[in-house]
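Q: Fit chains B and C to the known structure of chain A by using the hints.
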Amino acid sequence: MPDIDVRINGIRYQDHVEPRLLLVHYLRDRLGLTGTNVGCDTSNCGACTVLVDGTGAKSCTMLAVQADGTEITTIQGLAGGEGAGAPEDWHPLQKAFNAEHGLQCGYCTPGMIMSSVDLLQRNPDPTEDEIRHGLEGNLCRCTGYQNIVKAVQAAAGELRAAGAPGAVVGGQS
Amino acid sequence: MIPAAFDYVRPASVAEAVAALGEHGDEAKLLAGGHSLLPLMKLRLASPGVVVDLGRIPDLRGVRDDGDVLAIGAMTTHQAVVADPLVREHVPLLAHTTAMVGDPQVRNRGTLGGALAHGDAAGDLPAVAQVLEAEMVLEGPSGRRTVAAADFFVDYLTTAVGEDEVLVEVRVPKYGAGWGYRYEKFNRVAQAWAIVGVAAMVRRENGTVAEARVGLTNMGTVPYRARATEGALAGAPADATTLATAAEAADQGTDPPSDLNAQADYRRHLARVLTRRALEAASGA
Amino acid sequence: MSKIDPEEIVEEIEESGQLGHPDHHVPLVGQAPRRKEDARLVTGQTNWTDNIQIPGLLHAAVLRSPMAHARITSIDVSAAREQPGVIAAFTGADLQHHWAGGLPCAWPVTPDMKQPVHLPLAVDTVRYVGDAVAVVVARDRYAAADALESIDVEYEPLPAVIDLEEALTDATLVHEDQGTNRAFDWPFEAGEVDATFDAAEVVVKRRYFQQRLIPAAMEPRAVVVAPIAAADEYTVYSATQIPHILRVMLALVTGIPEQKLRVVAPDVGGGFGSKLNVYAEEAMALILAKVLGRPIKWTESRSEGFQATIHGRGQIQDVEIAATRDGRVTGLKVQLLADMGAYLQLVTPGVPILGAFMFPGIYKFDAYRFGCTGVFTTMTPTDAYRGAGRPEATFAIERIMDDLATELGMDPIELRRRNWIEHHEFPFDTICGLTYDSGNYEAATDRALELFDYDGLRREQAERRERGDRVQLGLGTSTFTEMCGLAPSRVLGSLSYGAGGWEAASIRMLPTGKVEVVTGSTPHGQGHETAWSQIAADALGVPFEDVEVLHGDTAVAPKGMDTYGSRSLTVGGIAVVKAAEKVIEKARRVAAHLLEADERDLDFAQGTFSVRGSPEASKTIQEVSLAVFAAHDLPDGMEPSIDADSVFDPENFSFPHGTHLCAVEVDTETGFTRIHRYVCVDDVGNVVNPQIVEGQVHGGLAQGIAQALYEEAVYDPEGNLTSGTFVDYLVPGAPDLPAFVTDRTVSPSTTNPLGVKGVGEAGTIASTPAVINAVIDALKPLGVTDMRMPASPERVWRAIQEANASGGSAGQAATGTTTLTAQAGPEASA
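Residue numbers (my numbering), protein chains in the order written: chain A, 560 to 732; chain B, 60 to 344; chain C, 41 to 870.
Since the hints were made in silico from the structure, they are not lab data.
Quick caveat: nothing in here was measured; it's all calculated off a predicted structure.
Treat the hints with caution; some may be incorrect.
To be verified - The following label-pair restraints were derived from C-beta to C-beta distances:
1) C:Asn726 - A:Asp648: 32 to 40 Å
2) A:Asp648 - C:Phe249: 49 to 57 Å
3) B:Arg103 - A:Asp648: 20 to 28 Å
4) B:Ala78 - C:Phe249: 55 to 63 Å
We treat Cβ as the ideally placed atom computed from N, Cα and C, and that holds for glycine.
Chain A with its partners taken away, still in its complex shape:
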């Protein structure tokens, strides 16, 4: 069984894993990081999106062994440090999804937010169309996307006002 050495939400893990273990199952079943969800088995829904070395990846379509040596951020580490709870400490995207009602059942939300982080790192001032296309790897069944788009727009504004895009990912800028 291969060994992996990976930093997740700022914490280093060394583990033996079966080669076929999917990254999302490593996160959920081995580490208990259940903030990252599984919504399909064909890489379509994006619910499982995490940041691998800063860019969005579908953790259901990645083996845990492929993550060896990488730095991963999940929804639970987005606000910097796991379990960061107080709303004032949330990432601007987390705040904006709340303020703009960008979620209902919330199952797609962790993936949607992580994809939005990736999008805003790449494009800090996206148009509505760019946001919609930037989220085309994530499916939502509740919101019709309208308030998700609004939330990303709002967060983009806040992040731009706050300064560098390096501020996007808490704890690893």
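A: Below, chains B and C alone, put in the same frame as chain A:
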């Protein structure tokens, strides 16, 4: 949703990868970005005994200026291709099309070499490789060989890459400012595969078409060049009527599939319409 | 250890300031405070069922039939039992003696309805691709998945039954013991139907198709059962909309006494009706936990769920409308053929029957005949999917109104104006026996037309037609109403539904003046915690933050009828209001006692009881709560509690309505349709939280538009679900949907104290016909008059080709539906 068990090999060099293939034979599958292979494995439509992960071979990544061509490492991610200044300058069709592949997460992990070596005629890049007249560099136990795109795609999900070979590099000629380009991707929802896609490149000289190339996505088991259309345009006036007439031949020689999204006759129709549109855009007509 | 002194505690709490100053209470109903649910959802601290870990937890995986219809000639799980990490493996026969009954259908719509036994694991015969045939229990999900491959099953294939009309011939019986594929015939008739149609100046007859849809809530289904097997006690965690109903039903299916079952719906990631059911895997997990004495988890994969979780819609609709030449509708006939799938699930037969009442829509006429035949097929069972019967009905009436308008050469909105119920006519008794309580169709339509720029778009459409633009513009209308807020129990009884339609709420006043609201209505994304907090805070005059809403656990919220049919606010929300009223009345008695005043002299406002005429003599409700907790000085004979329970049974449905206008651009070369503009003005009565209401509308629109343009569960002739994953079942993504323009008019409901109506299904019900009407409108000059759903590019292209081939504006050729039949004179058939 869970792959069958397999052994995992992570070579540090191409030579090690080739050796691993030699050792495990047809039991082995190469893993690039994983966005074609892993979904098949999760649905247990593929159950390789050994997975050889190309992800940690630094030589396979990056874009190199090699005189008249760009040499693109097979493990260069789609996102890296899209963002690469050399690609954007010399092969803008590739950047333009790659930006439409899959979705952002897929482009972050998926690779140019993986998309070509998988040989899915519904993928966008095989047809683009055809019109770019790219060359694939394959490395095997007896060294390297180069295969032209025209000879690379053999059949459904089958390419010229031998069982013991690794696609290491894609060599793409540089195209000067005289070339116009367009990829027309037609799908029902943004994240879906192309029902039909058409890649066009047009070089104009004095109001005529000096050269036109048209590649077709998902019009058969392999990506096609629309040779009849290309032939009709060589030296012809670059006007809308001429382009439209030529586009009517775009589906000649293709063998489009019938599936949930489209019957073959509709695909033929789409190929003709999209070819005309791609040519119009590529020629500035 | 120091001695506890109640007086001291009381003083401490009073001094701590926690009791608040409620006289500054700003009304919350009508506002949009940030959702309370979101904290855990945006930070990944949610409790989805699949997140649950229990020591000793085992994982179940289900082997499913790859055949649509077959006899199981042999099945062998012995090799699976030998796989590493496998604890047990069972066939249908192994578990058969554990079932006290089959999976339930709670809605026998007719006394003679065919109700085949539906065991959780098939025993002799499989009846759809995905029917469960064996189950494996293993140490982890990987081992369980592997072991499925070692199960050996031999099938003797039987013919698949896919086509609904062919199914009616009974050439192949889905359930041999029933002797027929016809599950039921349900008739309804009111008025002089034959005479009306005989006398009609114009009759338009159409056949519409409702394709099968897959609800596809983002969270797959999952169930965890934690047993205390020695005591025969079980906690069932399930991703369900209906923990309360599930508890009763699991008791009936397994024979485990109801009081030994606790059912918990943890955070649930969407349902849309797909989690309004009692599923084989829930019953199986319970029995496995009982048999093995270990906690069991089962989580479906998405492609598994596409087969094993209910589908929606699936109807052939034959519709005839009679009218005068000047556009007055006189009668309607509807005959449905409804696809039940292989078995009757919880409310399968009731879905089309709910629709029966909605075909007349917002229109006035005096003759209506409805019939529905339910038919078994060898496909995944159908059941309620967002709207459940009402989208189908609304589609039919709104489509045929447009077709009638075309035949009459009348603007579709003008035709609607001539027929709809006017605002001064409410309450209005419909031909179906419903009483629409309130509405203003004129106002909603006028506002929608203004926002849409209907006249401007009509001009643009004319210009594009004039110049033969490759991309044509089409405008579609849907003026809908629906019945929701399910439901008055006596009405459900009259429709043979197996339960009532009430909802329960309790309010508990805590010693510190904080409030617990317990609701029987179980959310899965709707925002109950926020909305109920708003309602309770206003009613009791306490801060929003001081209210905690508890739900979804039969041990915490023991009474409930759960969440479906846009019922939460109109039934469950009203129960909260009623419970608050009871709390206030009990508190009033205490306050009067403490203030040494007469109860009748106390006013209650802003959370404070004050003596009329001397406002300085007052007690806040928090002070009363603390006094009741201490119980030192209560009125003689009073129990030390001001908590209250309420069960609200509505006297009527609620009838939201609205006008939806859609403009589409159709590329006539490729057939691709893009939504150019979408405006909807909905009237859902008074609104508790406008942000939540708008969100419900957006999401509803997305699903209704998806039916019109994208989604279809496709079966091949052998009964394979060929649209079996998200690759082929096209749930629209962000780039595929437009930005919606939404607005509201307000016609308060007259049948509940908040004046509210349901909103959860409205967008879905309204939008599908608006989109299809728009597509047809765009293609009208090309001769296209109908369009199957989804209006895929290929379908649109073919419709254009066929219309061309038959000579342009020849009418019905594109779809083969019957053309206008005119009975008043030769000129009418022109």
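Q: Determine for every hint whether it applies to the structure shown.
A: Evaluation of the provided hints:
1. C:Asn726 - A:Asp648: 32 to 40 Å: Holds: the Cβ-Cβ distance is about 36 Å, inside 32 to 40 Å.
2. A:Asp648 - C:Phe249: 49 to 57 Å: 52 Å, holds
3. B:Arg103 - A:Asp648: 20 to 28 Å: Given range 20 to 28 Å: violated, Cβ gap about 43 Å.
4. B:Ala78 - C:Phe249: 55 to 63 Å: 59 Å, holds
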